[in-house]
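Engineer: Each chain, letter by letter, is given below.
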Amino acid sequence: MASLHHANVVKGATVLMVGAGGIGCELLKTLALSGFQDIHIIDMDTIEVSNLNRQFLFRQSHVGQSKAKVARDAVLRFRPHISITPYHANVKDSNFNVDFFKQFSVVLNGLDNLDARRHVNRLCLAAEVPLVESGTTGFLGQVTVHVKGKTECYECQPKPAPKTYPVCTITSTPSKFVHCIVWAKDLLFAKFFGDKNQENDLNVRSSDASNSSEHAEDVFERRNNEDIEQYGRRIYDHVFGYNIEVALSNEETWKNCTRPKPIYSGDVLPENLNHQNGNVDKSRATDDLSSVSSMASLGLKNPQDVWSLTENSRVFLESLKLFFASREKEIGNLSFDKDDQLAVEFVTAAANIRAASFGIPLHSLFEAKGIAGNIVHAVATTNAIVAGLIVIEAIKVLERDTDNYRMTYCLEHPSRKMLLMPVEPFEPNKSCCVCSKSPLSLEINTHRSKLRDFVEKIVKAKLGMNFPLIMHESKLLYEVGDDLEDDMIANYTANLEKVLSELPSSVTGGTMLTVEDLQQEFTCNIYIKHREEFDEEKEPDGMVLSGWTRAPDKKDDNKSVGNGGSTSKASPTEAQKAVELDEISEGTEISGKKRKRPEVSTNETNNHNEVQKVDVVDDEDDELVMLDHWDTDNKKKRLQ
Amino acid sequence: MNGEELTEQETALYDRQIRVWGADAQRRLSKSHILVYGMKGTAAEFCKNIVLAGVGSLTLVDDGAVTEDALSSNFLILPDENVCAEKTVAELCCNSLKVFNPMVRVSVEKGDLSSFGGDFFDRFDVVIVSCCTLMTKKSINEKCRKLSKRVAFYTVDCRNSCGEIFVDLQKHIYTKKKLDENNQPTTVECELQYPSFQESISVPWRTLPRRVSKLYFAMRVIERFEEAEGRNPGEISIEDLPAVLKLKKEICEAQSMNESHIPNALMERLVMGRREFPPVCAIIGGILGQEVIKAISGKGDPLQNFFFFDAMDGKGVIENISYPSLCN
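Protein sequences, first through last, are from chains Y and L. Mapped onto the UniProt record's numbering, the consecutive letters of the first sequence carry residue numbers 1 to 640. Mapped onto the UniProt record's numbering, the consecutive letters of the second sequence carry residue numbers 1 to 328.
One chain only, chain Y, in its complex shape:
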């Protein structure tokens, strides 16, 4: 390792970088400076303005272009003679298979979502290529090394589930601003601008029809000869006024909660808005997404300001008006996107009006956007540090310097005088179903659950498979692929709708199912246990997977409402990036090492990311810190 600096292994190495974003830009630069000569880089994203504060290889003029390609060109300017191969593609594409991965000496991840991380982990395991994994949030960061058979794989540790909220908290008893955001985004916005036919927990029935449910009028239907403002005010009064009155009438609900107050548009905004703002200029209809803004047309400048109830009500009506005037074609198939200014304005205003009703403090558009879009805090410095640490680990991996592999944590506040804390990697988890092929067990009602439920809730959501194949003994029950015969497809489609016990090869308690992903070369055995009843609140999937680690619950199932379920493609990934950092807060109990277990006093700031307990291997001067438990408060703070 004394030759770290002049390592020859560097020159001969072929490395794959996955991700050309915050960490990726820093990593590509540092790899090139460190003497790497053959670098491949995959990223499906294009450049956005909010990337420019840290993704220093990109300029304003590059907005909209491929990150992988622009990053390559930028680095070649200062290292013209090296080879950088960019792929503007999704790492989950089928051409990035095990054979593709086998050509690399090491794979370096600078990803922002759990799904892609799991996918790359499996391909690295199958191709037997070492993986260096990383993540950052604000001043916090981490780098880990995963070498098959030597250290734990990325999935050996449970990953925390994204936060979800009980439906009733969102629909009737919000107590935090985030509940109002979820309501505004996933219920109200979806109802107004999304698919009209999708299920929605919002009460859309008016008083006179509330008893004759099925054929009652949906108040969201715009009436003939109703102008946009009248329509907006009618909905306003329904969701912030009438619905609250209905809720108030149920005394049971308010025994332990503060009673909300109904808000009607006529009380907040007695004047008709048309007088003040006139009609929307038709020429604006062709403008791009970001230029249509109710803040602009109402003269509200600073997104950091907290608007009054009156201002929020104006923004609510104005955004609605602008959607109908300028973007009518999109209505019906819009989903919330944090980069859609008008959508953010609408959601901010609606969430704030609801917050006012429930006595919850109002928030600025800037804050609301962060919560609604699950925006991850990001700075250049942490990414630069993490990229440096990745390269150091990559060189050790290339030198097969196994004893010196480290996971490193970047801390915001020092622990044991350290801001950068190296930790010895853990051994593979014997019960990991990914790297140790350990079987899982599934409790499920085999007479009621369909194969489709099993595929969606377990195979895709929990096991993260893209091209699954399901077998019972030698019988194929289900398969996804490009080259299937029509009759097979018909057969599988029919199977999806059958309950497990009625499948051609009956699946009941005691059955062992084999689930396989051919692209990931990942096989998993699942032992089926029949169970009649499930708790709707605690076990919303109606099935419980155990044995290995609990993977994150997917959002947006019937019984819980997540924050971020119906967002643009960027949002869920950003959300999961935040989840990644929560890994720091996860306890880890495995390791064959003998350890002492001192309590380390946290510093006086009571920082929630502080290390609580560390195990120390103390060989005189060269101390090595072993994590055992991190403060779990970290998780709670994130969403606030």
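One thing to keep in mind: the hints can contain errors.
Claimed, not checked - Okay, derived cross-link-like pairs now, DSS-like style, lysine-lysine, Cα gap no bigger than 30 Å in a straight line:
(1) K301/Y to K31/L
(2) K98/L to K417/Y
(3) K171/L to K417/Y
(4) K457/Y to K261/Y
(5) K417/Y to K460/Y
(6) K178/L to K69/Y
(7) K149/L to K177/L
(8) K176/Y to K457/Y
(9) K177/L to K159/Y
(10) K299/L to K417/Y
(11) K214/L to K159/Y
What the hints contain is simulated information worked out from the structure, not anything from laboratory work. As the structure is a prediction and not an experimental result, all values here were calculated from the model.
Following the hints, position chain L against chain Y.
Structural biologist: Okay, now just chain L, sitting in the frame of chain Y:
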């Protein structure tokens, strides 16, 4: 820009970092002026970070010509021979930095920094010196300390796979988040007093805790060696090792410290480190960037008063090297 509120353009560009340190800190950053002396890889990393962060202005001083060494870990210099031949390192870096963020004024000052008077340093809020002699470090630190306004002073150096940061914030008042007795987050005001570089390195070694990073001592030996030999910083090689080890022995004896406390292997790595190791530049430049942001924004505990990183053990350690009376 009216200086009080962030513009729409700033809010859009700095969105992700405002979510880390707040709009108030961003405003303070945009009004701050930074001076950097000595543009090698670590300083280049730092400059990139601080320009992206959106400081008001950055002034670079380095009249050096572009050599292979200068190119080795500095991504701000594009290896175009025609351009390189006519310009100094600082001018080339300036051109690259300007395009990173059009809202930051980046400029070059020519001349020998140690000959500049107090008025020159008075223009800045933060002064960073890199790759300079012991004498220069001391004298610039003293000039900053004599000014009526508080100027934050840093030295930063990278040798081989090791890096060091020294910080002198003089009297630093800042706020930090804390939980009150009801476990509710509140903001408290704190004050720290820093020793000068001269004061720090004069602390007798035997009075320091045994666990103090060995890099601290090793860097002092190299610094003294280069000064005694009249070398420029980094002008050292493996041939110098016997002389360096001899000096180490002498200093240890004078400080009543067992010389085995500074391993010869570490000294050997440091004398071989003419070129910086790019991953360490990124790490040290990143930590320094965060520290400067903390100092300017007055938010969060700044490090006090040395930081060390060694890629060999992977630890990034803070050491407080000051007379007991100055500790708080």
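Engineer: If a hint holds in the structure, say so; if it doesn't, say that too.
Structural biologist: Comparing the hints with the structure gives:
At roughly 21 Å between alpha-carbon atoms, K301/Y and K31/L fall within 30 Å of each other, so this suggested pair holds. About 36 Å separates the Cα atoms of K98/L and K417/Y, which puts this hinted pair outside 30 Å; it is violated. About 22 Å separates the Cα atoms of K171/L and K417/Y, which keeps this hinted pair within 30 Å; it holds. For the proposed pair K457/Y and K261/Y, the alpha carbon gap of about 39 Å is over 30 Å, so the pair is violated.
Restraint check for K417/Y and K460/Y: not satisfied, since their Cα atoms lie roughly 43 Å apart, outside the 30 Å limit. Taking the CA atoms of K178/L and K69/Y, the gap is about 44 Å. The hint is violated against a cut of 30 Å. With a CA separation close to 26 Å, the supplied pair K149/L and K177/L stays within the 30 Å bound. The hinted pair formed by K176/Y and K457/Y meets the criterion: a straight-line CA distance of about 29 Å does not exceed 30 Å.
Between K177/L and K159/Y, the direct Cα distance comes to roughly 28 Å. Compliance with the 30 Å bound is thereby established for this hinted pair. Using a Cα cut-off of 30 Å, the hinted pair K299/L and K417/Y holds, with the two alpha carbons roughly 19 Å apart. For the hint linking K214/L to K159/Y, the alpha-carbon distance of about 38 Å lies beyond 30 Å, and the restraint is violated.
Violation of the numbered hints given earlier is confined to hints 2, 4, 5, 6, 11; the remaining hints are satisfied by the structure.
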